[in-house]
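Trainee: Work out the full structure: start from the sequences and follow the hints.
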Amino acid sequence: MQEKVKDAPASPFQWVGSRPERPDGVDKVTGRARFGADMAMAGQLVGRVLRSPHAHARIRSIDTRAALKLPGVKAVVTRDDFKDQPSEFIPAGEMMINYRDVVRNVMAREKVLFEGHAVAAVAATSAAIAKQALKLIKVDYEVLPHVIDVVEAMQPGAPLLDEGLITAGVEPAPNKPSNVAKRVEFALGDIEAGFKQAAVVIERSFTTKPVHQGYIEPHACVASVSEDGQAELWVTTQGHWIVRAHCARLLGWDVSQIRVTASEIGGGFGGKTVVYLEPVALALAKKSGRPVKMVMTREEVFRASGPTSGAHLRVKIGARKDGRIVAADAELKYQAGAFPGSPVQPGAMCAFAPYDLENVKVVGYDVVSNRPKVAAYRAPGGPIAEFAVEQVMDDIAKAIGMDPVDLRLKNAAKQGTKAAYGPKFGPVGLIETLEAAKAHAHWRTPLAKNQGRGIASGFWFNIGGETAVSMSLNEDGTLSLTAGTPDIGGLRASLCMMAAEELGIDIGKIRVQIGDTGQLGYNFLTGGSRATFSSGMATVEAAREVIKEACKRAAKLWELPEDAVEYVGGAVRPAGPNAGKHTPMSLKDIAGIAGKTGGPIAGYARINAHGAAPSFATHIADVEVDPDTGRVWVVRYTAIQDAGRAIHPSYVEGQYQGGVAQGIGWALNEEYIYGADGKLQNPGFLDYRVPVASDLPMIDTVIVEVPNPRHPYGVRGVGETPICPPMAAIANAVCNATGVRFTDLPMSPPKVLAALDEARAKGAAKI
Amino acid sequence: MAKHHVAATVNGDGVEFLCETDETLLDVLRNQLGLTGTKEGCSTGDCGACSVTVDDRLVCSCLMLGVEAGGKSITTIEGMADGEALHPLQKKFIEHAALQCGICTPGFLVAAKSLLERTPDPTETEVRYWLAGNLCRCTGYDKIVRAVLDAAAEMRGA
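These protein sequences, in sequence, are chains A and B.
Numbering-wise, the first sequence is residues 0 to 766 according to numbering that gives the first Met the number 0.
Numbering-wise, the second sequence is residues 0 to 157 according to numbering that gives the first Met the number 0.
If you are wondering where the hints come from, they were derived from the structure by calculation, not from laboratory data.
Just so it is clear, CB atoms sit at the ideal spot from N, CA and C, and this is done for glycine as well.
Keep in mind that a hint or two might mislead.
[Stated by the list, open to error] Think about it this way: if two alpha-carbon atoms lie no more than 27 Å apart in a straight line, the pair counts; the simulated BS3-like pairs of lysine-lysine are:
1. A/K409 with A/K448
2. B/K2 with A/K508
3. A/K68 with B/K90
4. A/K595 with A/K580
[Claimed, not checked] Looking from chain A toward chain B, a few residues come up when the C-beta cut is under 7 Å (computed):
5. G24
6. F34
7. L67
8. R297
9. S479
Mentor: Spelled out as structure tokens, the structure:
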């Protein structure tokens with residue numbers, strides 16, 4: 000089932016590419032692993048948040064006096080406890096952040112902008128008292144008209160969320176405020192000239208719904224602030240240095256005052272890259288003089304965190320009869336939620352990235368509306384744009400009578416292709432994934448009644464960034480490795496494997512931990528599929544430093560110049576016959592002489608990891624559509640993706656399978672449903688239905704390996720690309736099964752049935 | 000109102016605790032007995048992260064009150080391994096990489112053990128439907144289902 004192509008028959012590696020047990024495995028199967036809500040500090044209080052019942056309202060006043068008088072209430076915070084921040088956009092990995100908006104999202108100031116927006120918070124001696132205290136806080140609201148839909152929010156006269164918001168990226172700048180925060184454009188060549196050469200032009204419009212990351216662990220933290228202002232924060236997060244930076248900024252504290260420890264993290268998918276509870280818990284802890292624990296309910300997670308954008312999309316592609324695409328044009332309108340900052344820019348950059356095109360234009364709009372502010376979600380922006388583009392590609396293939404894999408092969412991006420968003424690609428593996436799809440038994444297996452097969456490709460950039468890793472040689476020759484990117488799905492295993500490979504020792508000799516913010520230099524977060532790439536690169540560098548120092552110590556003992564010794568197979572030995580006869584020294588031997596040859600031996604890598612390389616995928620989906628109910632079942636699925644090199648293939652496969660499962664949910668079930676009152680109607684796992692085990696088939700994977708030349712082991716990020724192709728692959732499969740093109744997500748049973756009935760009435764349905 | 004005094008058996012040991020009327024069994028396990036291996040993902044019985052067995056019946060501990068545990072025998076993830084020896088399901092989950100973040104893992108293991116006690120030789124479909132009450136957002140369930148089937152085979156052979 001799990002094939003591996005391009006794998007050298009005899010691997011040059013001892014550990015890389017093998018499947019050892021993960022170092023945190025036992026803790027996670029026994030309940031020992033401590034997640035965000037599993038920490039308790041002595042004397043801790045319970046923190047709870049009061050949230051807006053309105054989608055849009057001006058806050059006239061907040062009266063907390065009655066709540067403060069309730070016995071057991073130790074502190075209350077509101078907007079007055081957080082200093083306002085200037086408006087400036089700061090790069091934060093794949094997204095930009097503006098502290099003016101962050102402070103308002105953490106605690107509403109002038110207005111509440113969505114149902115669930117935090118308005119105040121209390122810390123009390125019990126959950127029951129905290130709950131009672133929230134009821135005693137009097138907020139005087141002036142309810143305002145709201146707008147939920149992105150197209151309505153763009154209309155003149157729509158209720159304005161921010162009366163000072165002037166669209167950026169438009170020349171000349173508009174003289175009136177609107178809900179359109181930004182316009183972006185990426186272009187190559189001349190699309191008008193391109194479309195004139197086309198034998199076939201297809202243009203369609205699409206919509207997608209906001210979907211939540213759906214991590215099973217709600218946001219949680221415990222904060223403690225001592226009388227001298229030193230703070231400790233225990234939190235479930237994708238990046239504890241980021242949390243430290245945001246909290247210090249919002250509270251006006253020195254960065255060094257706050258030590259943040261990342262708990263084990265119960266899923267993030269981008270949603271745990273921002274702060275919600277953390278600055279509030281610190282403010283409550285400071286005010287009360289007691290540790291404060293805060294945990295969101297699932298309902299709060301849905302109403303006030305995440306999701307990713309819903310969108311309206313238009314895509315137009317023109318091709319010659321031979322399948323060569325001559326022009327590609329797209330317009331993307333993404334919901335940002337209550338504050339600017341949807342992932343429309345990366346979406347626009349991804350839209351046509353799999354293809355080598357001369358004439359491309361993509362325009363995107365970032366639009367605010369009365370919804371929770373979107374957060375990154377696995378390849379933020381990419382899956383939305385690629386859902387639309389990959390369906391129009393399918394239509395082009397049908398229109399010219401070409402196999403959809405061949406159409407993609409004809410236009411595939413390769414080494415040297417200039418992407419519309421700027422760079423030229425190095426070695427990339429899209430063609431290899433397409434060829435693997437064609438060669439896969441899945442592609443040739445006959446389909447049964449009411450079934451259809453679809454294919455789609457996908458792309459994600461991947462990033463590097465600031466990373467620090469330390470490695471200590473212990474006195475018995477074992478090693479302690481400390482990394483700073485939280486491990487969400489097997490990172491620690493991969494880091495140990497790369498370290499063991501470098502050091503030529505058994506993996507069991509290396510123990511790895513995720514360090515707190517006091518233990519290492521700044522680490523950017525686990526996101527952008529960077530953790531194995533960047534922390535892996537830093538681990539290799541730290542290991543090489545340990546090796547260099549080990550050689551130096553042996554040379555000193557043997558009274559040789561440093562270049563007269565070498566490190567081979569886990570031991571230092573004289574290099575060549577001229578260096579004299581000395582018994583090789585293992586790391587254990589070196590550790591034994593560390594004290595008298597200069598003290599402790601350690602490596603400390605501090606890098607800004609460059610050379611991240613994109614990962615391309617091609618997915619094949621088979622669906623069966625129930626003609627009576629409209630229910631779509633995914634009956635077979637194969638995910639093929641370039642990993643560069645898979646350090647631990649099981650966890651690479653796991654990323655592919657997990658991305659596919661989320662994509663299937665996005666395609667078929669998941670959506671935010673709002674009432675006319677602007678309130679979310681399905682804030683729970685019963686009505687926001689993520690795929691369960693009985694919804695899914697086994698998910699086949701093929702790991703293609705086109706090594707990234709800029710990583711010591713050839714690693715590419717793999718975590719995000721897998722969620723890009725599924726929605727289009729499934730929509731293409733449904734189209735092939737039914738004869739009906741589905742352009743609106745999710746393809747839920749009532750929508751599918753209605754579309755089938757309509758097509759049947761016209762004689763246009765296959766089933 | 001006075002708290003309730005409750006006596007129960009947890010992972011084979013007798014325990015006593017005091018709880019409020021509205022405290023769930025999940026709250027009691029996590030906050031009073033310190034058994035944080037049982038997780039809270041939703042508190043509405045939709046995600047299965049809080050799965051435990053009560054007198055050998057699989058339940059979501061967020062849907063049961065602490066006072067209802069009186070006289071009952073409760074088993075949590077902390078009671079699954081036998082001393083230093085992991086349960087075959089625990090071993091197979093590690094071996095098959097059937098977990099990524101691990102937050103849903105205790106619930107899956109408790110639920111899967113309950114399945115294999117009733118159905119030692121389940122089909123893939125039986126595994127998928129039995130585990131349909133446990134949400135995993137990371138794995139796509141593929142490796143979880145394989146781990147359970149493999150553990151079942153090993154346990155039948157043992």
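Trainee: All hints, please: hold or fail.
Mentor: Hints, verified against the model:
A threshold of 27 Å between alpha carbons decides the hint, and for A/K409 with A/K448 the separation of about 31 Å lies outside it, so the pair is violated. A hinted pair counts as satisfied when its Cα atoms are at most 27 Å apart, and B/K2 with A/K508 does not qualify at roughly 51 Å. Annotation: proposed proximity of A/K68 to B/K90 is violated, straight-line Cα distance about 53 Å (limit 27 Å). With a C-alpha separation of about 22 Å, the suggested pairing of A/K595 with A/K580 holds against the 27 Å cut-off.
At its closest, the beta carbon of A/G24 sits 4 Å from a beta carbon of chain B; the interface hint therefore holds under the 7 Å criterion. Hint status for A/F34: holds, given a least beta-carbon distance of 6 Å to chain B, under 7 Å. The closest approach between the C-beta of A/L67 and any C-beta of chain B is roughly 24 Å, which is over the 7 Å cut-off, so the hint fails. For the restraint placing A/R297 at the interface with chain B, the shortest Cβ-Cβ distance is roughly 4 Å, inside the 7 Å limit, so the hint holds.
At about 22 Å, the closest approach between the beta carbon of A/S479 and any beta carbon in chain B exceeds 7 Å, and the interface hint on this residue is violated.
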